[in-house]
Structures are given as structure tokens and as C-alpha cells.
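J.: Sequence:
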Amino acid sequence: MLMLFVLIVASLTVYFIRDLLHAVIVYGVFSFIMAVVWLQMNSPDLAITEAAAGIITTVLMMLVISRTSRREE
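Under the working numbering, the first residue of the sequence shown is numbered 16, with each subsequent residue one higher.
Just so you know, not all the hints are guaranteed correct.
Label pairs and their in silico Cβ distance ranges [stated by the list, open to error]:
no., residue 1, residue 2, range
1, 16, 79, 13 to 21 Å
2, 79, 20, 29 to 37 Å
3, 58, 85, 21 to 29 Å
4, 78, 24, 24 to 32 Å
5, 21, 83, 35 to 43 Å
6, 74, 18, 20 to 28 Å
7, 24, 67, 33 to 41 Å
8, 54, 23, 15 to 23 Å
9, 55, 84, 36 to 44 Å
10, 84, 20, 22 to 30 Å
11, 72, 27, 18 to 26 Å
12, 79, 57, 34 to 42 Å
13, 32, 74, 17 to 25 Å
Derived from the structure by calculation, the hints contain no laboratory data. Note that CB positions come from ideal geometry on N, CA and C, so glycine has one too.
Work out the full structure, taking the sequences as your base and the hints as a guide.
T.: Here it is in C-alpha cells:
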């Protein structure tokens with residue numbers, strides 16, 4: 016039950032956060048927790064897929080953010 020609460024908090028944090036890098040980091044945490052939830056539900060194939068997709072998208076988003084310039088508001 017705690018993991019589901021953390022998933023909800025992480026998804027809301029990604030939505031409301033202003034800094035892109037922090038949002039990507041929270042997205043990576045969300046993806047990792049989701050993979051653990053899939054593993055607890057006895058779905059190792061979905062857990063591996065979620066972990067792989069989460070790692071790839073997190074790394075790609077971090078690369079894109081590192082190549083763009085920051086704009087302060």
C-alpha cells in the first residue's frame with residue numbers, strides 16, 4: 016500500500032515540478048517503483064520491461080536536457 020501511495024505522490028510531483036532535471040529524476044524513481052510493484056504482483060516479464068523502458072527513457076531525457084540551455088524565470 017505504501018508503494019502505491021509513493022507512486023501517486025511521484026506522479027503528482029512530476030506533473031507540478033518546474034525543473035526538468037528534477038522531474039526526470041522523479042520519473043526514474045516512479046519507473047523503478049512501478050517495476051517493483053510488477054515484481055510483487057508476480058509479473059517478472061512486465062517488471063523487466065518496465066525497468067528497461069524506464070532506464071532508457073530516463074537516460075535519453077537526461078541527455079536531451081543536458082544539451083539544452085536553461086532559462087530562468
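J.: Does the beta carbon distance between residue 79 and residue 20 stay inside 29 to 37 Å, or does it fall outside?
T.: holds, 30 Å
J.: Cβ-Cβ distance between residue 74 and residue 18: within 20 to 28 Å?
T.: holds, 23 Å
J.: That 22 to 30 Å hint for residue 84 and residue 20 (C-beta), does it hold up?
T.: The hint (22 to 30 Å, Cβ to Cβ) is violated, given that residue 84 and residue 20 are roughly 36 Å apart.
J.: Does the Cβ pair residue 24, residue 67 satisfy 33 to 41 Å?
T.: violated, 24 Å
J.: Indicate whether the distance between the beta carbons of residue 72 and residue 27 respects the range 18 to 26 Å.
T.: holds, 19 Å
J.: Within 24 to 32 Å or not, the Cβ separation of residue 78 and residue 24?
T.: holds, 26 Å
J.: Hint says 21 to 29 Å; check whether the CB-CB distance for residue 58 and residue 85 agrees.
T.: violated, 39 Å
J.: Cβ-Cβ distance between residue 16 and residue 79: within 13 to 21 Å?
T.: Distance hint for residue 16, residue 79 is violated at roughly 35 Å.
J.: Should the hint that residue 79 and residue 57 are 34 to 42 Å apart at their CB atoms be regarded as holding?
T.: holds, 35 Å
J.: Given the hint of 35 to 43 Å, check if residue 21 and residue 83 actually sit that far apart at their C-beta atoms.
T.: For residue 21 and residue 83 the Cβ distance comes to about 29 Å; the hint is violated.
J.: Against the range 15 to 23 Å, how does the distance between the Cβ atoms of residue 54 and residue 23 compare: consistent or not?
T.: holds, 19 Å
J.: Does the beta carbon distance between residue 55 and residue 84 stay inside 36 to 44 Å, or does it fall outside?
T.: holds, 41 Å
Violated hints, listed in ascending order, are 1, 3, 5, 7 and 10; each of the other numbered hints is respected by the structure.
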